[in-house]
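Order-wise, the sequence lines are chains A and B. If you want the numbering used here, it's the 1-based position in the first sequence plus 56. If you want the numbering used here, it's the 1-based position in the second sequence plus 69.
Just so you know, not all the hints are guaranteed correct.
Simulated coverage check for chain A against chain B, where a stretch passes if three residues somewhere in it have a Cβ under 8 Å from a Cβ of chain B [said to hold, decoys possible]:
1. 187-197
2. 243-250
Cross-link-like lysine-lysine pairs, in silico, BS3-like; alpha carbons within 30 Å at most [said to hold, decoys possible]:
3. A:K364 with B:K309
4. B:K309 with A:K378
5. B:K242 with A:K364
Derived by calculation from the structure, the hints in this document are not laboratory data. C-beta atoms are modelled at their ideal positions from N, C-alpha and C, and glycine is treated no differently.
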Amino acid sequence: MFKVLFNSEIGTSPHSSLLPEPVLDPGEYGYIPTTGLTSGHQGCTGCGMVSSTNQVLRALKLTGRYVVASIGTGCNEVITTQNTSCWGKVSVDHNNFPNTASTLSGNRAAYEALVEAGLLPPGSVLNVGIAGDGGSYDIGLQALLAWIARGEDGVYICLNNEAYMNTGIQSSGATPFGAKTSTTPFGKRAHGNPRTPQHLPDLALAAGARYVAVASPVHHRDLAIKIQKAALIPGPCLVECFSVCPPGWNTETDFFYEITELALRTRLLVLYEVELHRAEGYAIYTLNYLPDRFLPVEEYFKTQGRFKNLLRYPEMVETVQKFVDRRWEFWSEVLAQNGASRNRRDEDRLGRAKPVQSRL
Amino acid sequence: MKQGTINELTLRVAGESGEGVITVADSVCRVAARMGLHLATFRTFPAEIKGGPCMMQLRVSEQPIFHHGDYADVLVAFNEEGILNNFDSLRNEGTLIYEAGSDAPVPQRKGTHYLPIPFRRIAVEIVGSPGSKNIVALGILGKLFGLPQDHLVKLLEERFRRAGQAVLDNNLKGLHAGFRYAEEQVAKSQLPCLQPTSRSSKLLMTGNEAAAIGALAAGVDCFFGYPITPSSEIMEYLAKNLPRVGGRFLQTEDEISAIAGVCGASWAGRRAMTATSGPGLSLMSEVLGLLSMTELPAVIVDSQRGGPSTGLPTKTEQSDLLLSVYGSHGEAPRIVLAPTTVRESLEMVVLAFNLAEKYQMPAIVLMDQTLSSRLETVDADVLSQVKILHPLQEIGTVPQQYRRFQLTDSGISPRVFPGTPGGFEYISTGLEHNERGDPAYGEKIHTIMSAKRYKKLAALAQDPIVAGLASTFGVEDAEIGIICWGSTAGPVREAVNRAIKMGIPVKAMVPKILNPLVHTELKPFLSSTRKLLVPEMNFTGQLSTLLRSTYLVRPLQLNAVKGVPFRSQDILEKIQQVAGRSRETRQGSEQQVLESLGME
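Isolated chain A (complex conformation) (with noise of 0.2 Å):
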């Protein structure tokens, strides 16, 4: 494994100071895109998969590369293609669940081959592959590690929505412990999902991912920079978004941005980001947004529909607040070294401090 390292013991991060301000001047382009997916979208109310996808592609695009996208099935597949595409200028080569991050090693294959048949200029095209969590976490994790292993250049976007929505609510390896799904029913015996799930980040950095991050489609300013630097980095880099899920997780559709404002002061969600550099053997952690207050966990599952049944157990809710307590404690570590970190969805875009006014 890696060594961990701060900011502070090394300067600045190599990776980040040979990047340029990620998120450019729109005004340097001809063509501006203000909005990453096109219209026409058929994603529920208040779906925070359809944003993240909307910002990833905006801050995709901003990059000034043509994107090429592999997609796994999903919600996502489903609601940004059928009747109309939503994807604008960017070619979208659906796959099938298990092989997003293999076919977007076959379409980064198939462009270094045309770049040295000199058909295409060198740093032109930019691959991203995007599934969500049920095509990374479970069926497409093979692929996926097995990708990221080989070290070739490409962004992976994980939307994580923390089950499978699109076929009716079943549990995925990404669904938190003790949340209701068809799968994973509350009764007698069963009391949701039995399982703390798996952390994609770690599983990736384990494989060898140059770049990872957890953003929301919230801080968008986060996301966008987040987006950009792994777009830049060469080799693997991975992204998960945490998205909202209101039929999924069963809650009010007008509540998008209150829930993950209440995941981030509960720490269930810390948005974060790793440079890992492998051959020197460390890696570089940056918490990205330290909340002003911390909630214990119960606020959180209060507002959704999915741990209603586990809000009568409070000994298994003292297991989910031990296991963020217990975490917490690493990147309290993280904040200790490398001092207050900076908040960048209160900065505005060139990068300022911006009043902040919270509806919580």
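Given the coordinates of chain A, work out where chain B should sit on it, guided by the hints.
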């Protein structure tokens, strides 16, 4: 429409998904089932996750029915799209009930009755929320069709009890508002009427539920699954109910893992199954070969959907037959069963367990989206008639001489479970092996063992259980014979009845075991048939292919890949054409493609 028919009704309800369309139709179904009537339904799903057009059709009858009906007597449309998409499915003399007050154009047709009802206005005025319009509609329909009010009230109580008294009260208010409106404002006129029968009420279940209940009835110990439309409900049902009876439910990370889990559990001596759809079966096909090679029982339910690849996830098709029979590299024998009704889905899963265990090979139950999602009444005696067989094989008394793959007359070898005391250990391997199970690739051994594995299939074809696995109907000495499989049997049965009434003698046979296809009744049927017609919901004619290669016959094909099941009218027209009673009607481009491929 016949004037005021009693206990004969085909009702179609259409609207936006999420408007409660399905609730209305489903409630009518449940009340009809409690009245002891026979019932079959058909529903479509939007491809979208939320919203999009949806429709449910139900047919009620006093006589047993096999099909959800070609045309609706009554169409209830909640929105403009519902009218436009479904108007063609309304009988000429049928009744269109639609939302009054919307300025949407309503297609006009002579003979059709129009009944505009302000569902939305009633819901807003009386209940105070437009969302209750479906319950208002249920009240109105209940009154119009003469459904007993207390049944409807009880149903709503059951449905909304857990949602709280306030929700229930609101719904009851809506229901009574519907009753009152129908009583005061709508002339009863020509609508069909449903009356309670003396028969006891029936069970109401979907094909998926039936398959899951069948698995429980067969004593399934372990279920491994991965979500896939349209078979996910089987998994969801067993996730809830299998642990209650001491079984193990496991959701795996993909279909390969699901079938491999079944393989492991089966090797350890437990009854195990999985359920999937076409894309999942494709992934499973390697392990299907392993199961054939290691001679382990397994049950796989495949609810077929439109393919290839992701295809039409929410639509129906019968295109996995050849994959089921031949899928996997090498030559891997397996059993393929095809139920035609919801009741048979239950029975076939039980049978699949019995046969798989007896013949030690995987058994695939081929359902399809139509069958999986259709609600049908099933007689309450179905579970008492299920037979579970646990065939035992003589394992001999000297453990040192135990041979797992012993050559026998039937090809079936003694199966010992791991952990049996006394030195019965053996290696279970996907490599070709000798009688003891040790890998061996000698010159003769592959031939001998291949023959052994196929011998079991030959033995199965002679098994008395299989003899009853075909239904025959129609005129016995007719020249025109139809062979069909799976859910197509419903419309075929109707079409045959209608053709006979029109004076065209025709007979039909529905084999319910498709591999092995060597069937004692199939040969005489084929030899007495001069014109063989095979209707299938696939493009190339997969059963025709099997029949052609097995029996050297030249079937006339009727293929459709529209994503919706056949209407009996489609089949009737083909029968008329084959009988020379009508001119060529299907001269579409798909027909020309088939002809150019050398198929009829």
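Now for the hints, and whether the structure bears them out:
no.	hint	verdict
1	187-197	holds (count 5)
2	243-250	holds (count 3)
3	A:K364 with B:K309	holds, 18 Å
4	B:K309 with A:K378	holds, 29 Å
5	B:K242 with A:K364	holds, 28 Å
Checked against the numbered hints above, the structure violates none of them.
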